[in-house]
Amino acid sequence: MKCRRCDKKAAVHMRQHKLALCTEHYLEWIPEQTERFIKKYGMFTRDEKILVAVSGGKDSLSLWDILVRLGYQADGLYLALGIDEGISYSHESQRLTEKFANEHNLKLHVVDIEKMYGSSIPVLAEVSHRGHGRPCAVCGLAKRHEMNRIARDFGYDVLATGHNLDDEAAVLFGNTLKWLDEYILRQGPVLPGSDGLARKVKPLCRFYEREMTAYAIGRNIEYIYEECPFADGSQSIFYKEALNQLETARPGTKLTFYLNFLEAKKGGNLFIEQSLGQSQLHPCLKCGQPTSAPGLCSFCRMIEKAESSPTWPQSQTDR
Amino acid sequence: MIAKLILRDKVYEVRAGMSLLSALQKINVVPESVIAVRDGEMITDDEILRPGDEVKLVAVISGG
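So the protein lines, in turn, are chains L and R. The opening position of the first sequence corresponds to residue 1 in the working numbering, with each subsequent residue numbered one higher. The opening position of the second sequence corresponds to residue 1001 in the working numbering, with each subsequent residue numbered one higher.
Derived from the structure by calculation, the hints contain no laboratory data. A portion of the hints provided could be inaccurate.
No more than 30 angstroms apart at the CA atoms, straight line, and that leaves these computed lysine-lysine pairs for DSS-like [unchecked claim]: (1) K265/L with K1004/R; (2) K143/L with K178/L; (3) K305/L with K49/L; (4) K1004/R with K49/L; (5) K265/L with K39/L; (6) K2/L with K1056/R; (7) K8/L with K1026/R; (8) K178/L with K1010/R; (9) K9/L with K1026/R; (10) K1010/R with K9/L; (11) K1026/R with K99/L; (12) K99/L with K115/L; (13) K1056/R with K99/L; (14) K178/L with K1004/R; (15) K18/L with K286/L; (16) K39/L with K115/L; (17) K40/L with K286/L; (18) K9/L with K1056/R; (19) K1004/R with K107/L; (20) K49/L with K143/L; (21) K115/L with K1056/R; (22) K49/L with K39/L; (23) K286/L with K265/L; (24) K1010/R with K107/L.
If you want a taste of the chain R side facing chain L, the calculated C-beta under 10 angstroms gives, among others [claimed, not checked]: (25) I1043; (26) T1044; (27) D1045; (28) D1046; (29) V1058; (30) A1059; (31) S1062.
Just so you know, these numbers come straight off a predicted model, no measurement behind them. Don't be surprised by glycine CBs; every beta carbon is placed ideally from N, CA and C.
Let's have the full structure, built from the sequences with the hints guiding it.
Set out below in structure tokens:
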């Protein structure tokens, strides 16, 4: 198979686009497309300060790489979650993130959850009794809270995450199977900011996970290959595998599923449109970030509950 | 003559001369879930596997 743009042998074939490219042209095509999506969805401009949430994985490191190549002002944020599970997962992902930042001379914020709040994510999940035995719910909550806090405290205009199309399609698939209308309506490439909430954007939301892997390989980006030990058997991976079966049989299924959803949402064609905008946000009494119920936000309630636990670690660092 | 496909810690042996796509189907790996790398270069799944090839299959799915 030949590259569409030259006579060289193709390295990546994207069946959904009927497009094959050699490595050199593929590494040009990805930033070109990213720029197109940034403009199409009005994500940000070159005058704005971007905070990229970086995990050490292929998507977030590639996103950071692409934004810098495109000339955007993009700093990184790494959250040390304290996940070890015998493979030093957090330690290794932090090392790779810092290595990338140093090699490209980029600014990286590092927040250590354990130093900041007194315990790692797995311990916090255990003592707060959230997430039915898995720390993923606590992890997601802590990430959202901390990403927004750093964006707010350091004056970033926008928070960018490395969610790819497979991530988005899996979430949409799961929410659609359960008809979670509020979650479905909230999903999109841009979540607008409001008082206290940073604008969130997903510049990679139209690239397949496979394409982001190819980009990371092509750019020689060293990323953490091992899966988060708690992700094994997770619902999102199950949905991704199911969607990949459909994609193999019918190329373009994932892309159509996601893009048609965005079109339907934009056109107000989803039957649940009326429920949008009914929820009102209140500032949390402790941290000041917006929350749906008056009083403390979910994160601060979780921390208060954890702190009152007899098994809470004694050696806490002041916030 | 055989070619090897390596996915994480598993090594699969297939007959050389078949396409990568046929080889992936034979070992029950969904083509959409991997990127294939041979001699440090990414290859498309119409590539014919040569005797002695060692193709690394990089798993693409992440999440949680």
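Status of the hints after comparison with the structure:
A hinted pair counts as satisfied when its Cα atoms are at most 30 angstroms apart, and K265/L with K1004/R does not qualify at roughly 46 angstroms. A threshold of 30 angstroms between alpha carbons decides the hint, and for K143/L with K178/L the separation of about 24 angstroms falls inside it, so the pair holds. Straight-line distance between C-alpha atoms of K305/L and K49/L comes to about 35 angstroms, which puts the hinted pair past the 30 angstroms bound. For the hint linking K1004/R to K49/L, the alpha-carbon distance of about 47 angstroms lies beyond 30 angstroms, and the restraint is violated.
For the given pair, K265/L sits about 19 angstroms from K39/L by alpha-carbon distance, which is consistent with the 30 angstroms threshold. Distance hint between K2/L and K1056/R is fulfilled; the C-alpha atoms sit about 21 angstroms from each other, no more than 30 angstroms. About 28 angstroms separates the Cα atoms of K8/L and K1026/R, which keeps this hinted pair within 30 angstroms; it holds. Proposed proximity of K178/L and K1010/R is contradicted: the alpha carbons are some 36 angstroms apart, above 30 angstroms.
This hinted pair checks out: K9/L and K1026/R have alpha carbons roughly 25 angstroms apart, not beyond 30 angstroms. Under the criterion of a C-alpha separation no larger than 30 angstroms, the hint pairing K1010/R with K9/L is consistent with the structure, at around 28 angstroms. Between the alpha carbons of K1026/R and K99/L the distance comes to roughly 39 angstroms, so the proposed pair goes past 30 angstroms and is violated. For the hint pairing K99/L with K115/L, the CA-to-CA distance comes to about 22 angstroms; that is within 30 angstroms, so the pair holds.
Pair hint K1056/R plus K99/L holds up; C-alpha atoms about 25 angstroms apart against a cutoff of 30 angstroms. A C-alpha spacing of about 42 angstroms is found between K178/L and K1004/R, which places the hinted pair above 30 angstroms, so the restraint is violated. Of the supplied pair hints, the one linking K18/L and K286/L is violated, its CA atoms being roughly 52 angstroms apart against a limit of 30 angstroms. Note on K39/L and K115/L: the hinted pairing is violated, with a Cα-Cα distance of about 39 angstroms set against a maximum of 30 angstroms.
Distance check on the hinted pair: K40/L and K286/L sit about 37 angstroms apart at the alpha-carbon level, beyond 30 angstroms; violated. Of the supplied pair hints, the one linking K9/L and K1056/R holds, its CA atoms being roughly 18 angstroms apart against a limit of 30 angstroms. Note on K1004/R and K107/L: the hinted pairing is violated, with a Cα-Cα distance of about 42 angstroms set against a maximum of 30 angstroms. Proximity of K49/L to K143/L is assessed by CA-CA distance (about 20 angstroms); at most 30 angstroms being required, the pair is judged to hold.
Between K115/L and K1056/R the CA atoms are separated by roughly 39 angstroms; this puts the pair beyond 30 angstroms, and the hint is violated. Restraint check: the Cα-Cα separation between K49/L and K39/L comes to about 16 angstroms, which is no more than 30 angstroms; the hinted pair holds. Restraint check: the Cα-Cα separation between K286/L and K265/L comes to about 35 angstroms, which exceeds 30 angstroms; the hinted pair is violated. Taking the CA atoms of K1010/R and K107/L, the gap is about 39 angstroms. The hint is violated against a cut of 30 angstroms.
For I1043/R, the shortest C-beta to C-beta distance to chain L is roughly 7 angstroms, which falls under 10 angstroms, so the interface hint holds. Nearest Cβ of chain L to the Cβ of T1044/R: about 4 angstroms, under the 10 angstroms cut. The hint holds. Here the hint on D1045/R is kept, as its CB sits about 7 angstroms from the closest CB of chain L, short of 10 angstroms. The restraint placing D1046/R at the interface with chain L holds, with a minimum CB-CB distance near 5 angstroms, inside the 10 angstroms limit.
A distance limit of 10 angstroms between C-beta atoms decides the matter here; for V1058/R the minimum to chain L is near 6 angstroms, and the interface restraint holds. Checking A1059/R against chain L by beta carbon gives a least distance of about 8 angstroms; that is within 10 angstroms, so the hint holds. Taken as an interface hint, S1062/R checks out: its beta carbon lies about 6 angstroms from the nearest beta carbon of chain L, inside 10 angstroms.
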